[in-house]
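Undergrad: Residue numbers for the sequence shown follow my numbering, so the first one is 17 and each next one is one higher.
It should be emphasised that the hints constitute simulated quantities derived from the structure, not laboratory data. All figures in this text were calculated on a predicted structure; none of them were measured in a lab. A hint or two may mislead.
Unchecked claim - FRET-style restraints, in silico, Cβ to Cβ:
| no. | residue 1 | residue 2 | range |
| --- | --- | --- | --- |
| 1 | V44 | S80 | 40 to 46 Å |
| 2 | F62 | S107 | 29 to 35 Å |
| 3 | L100 | A40 | 20 to 26 Å |
| 4 | E72 | A41 | 49 to 55 Å |
| 5 | F59 | R114 | 48 to 54 Å |
Where is the CB? At the ideal position from N, CA and C, for every residue including glycine.
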Amino acid sequence: MINDQAPADPSVSDTAPPVTGSAAARVVAGVLVLAFAAVTGLFAPFLVMASDGCNEGDARTICSVGAQQVVGNLPVIAAFVAALLAVVGMSSRGGAGRGCLLAAPCLLVVAWVASMALAGS
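Can you make the complete structure from the sequences, with help from the hints?
TA: Structural data, given as structure tokens:
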């Protein structure tokens with residue numbers, strides 16, 4: 017006799033996990049943050065050139081060696097940390113991932129503002 021009964025529990029599931037919009041949004045947001053980090057790391061250190069017009073005894077902040085090092089190094093370090101946060105944010109679900117994706121552009125904006133403030137003063 018041939019088995020006339022269907023198996024009670026199929027061994028292979030034919031349902032795929034749903035693709036949610038939040039996963040796609042995390043990836044898009046992460047790629048945008050990575051692009052912003054790349055622009056920050058490549059172009060913000062050029063703000064050191066604001067010290068080209070410094071003369072001996074110039075009282076502007078950008079004319080000091082310490083300020084030039086901060087303006088040159090801060091955007092590069094911030095871009096690296098923001099890129100790490102973006103990758104963690106894209107790969108994590110839940111609040112930690114969203115927090116990383118929100119913290120990364122904020123870090124980049126703070127780096128730009130600080131560098132521009134030092135270069136302009």
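Undergrad: All hints are to be evaluated individually against the structure, with a verdict given for each.
TA: Right, here's what the structure says about each hint:
A beta carbon spacing of about 41 Å between V44 and S80 agrees with the range 40 to 46 Å that was offered as a hint. Against the hinted window of 29 to 35 Å, the Cβ-Cβ separation of F62 and S107 comes to about 32 Å, which satisfies the hint. At about 22 Å, the beta-carbon gap between L100 and A40 stays in the expected band of 20 to 26 Å. A hinted range of 49 to 55 Å holds for the C-beta pair E72 and A41, which are about 53 Å apart.
Between F59 and R114 the beta carbon distance is about 28 Å. The supplied range of 48 to 54 Å is therefore violated.
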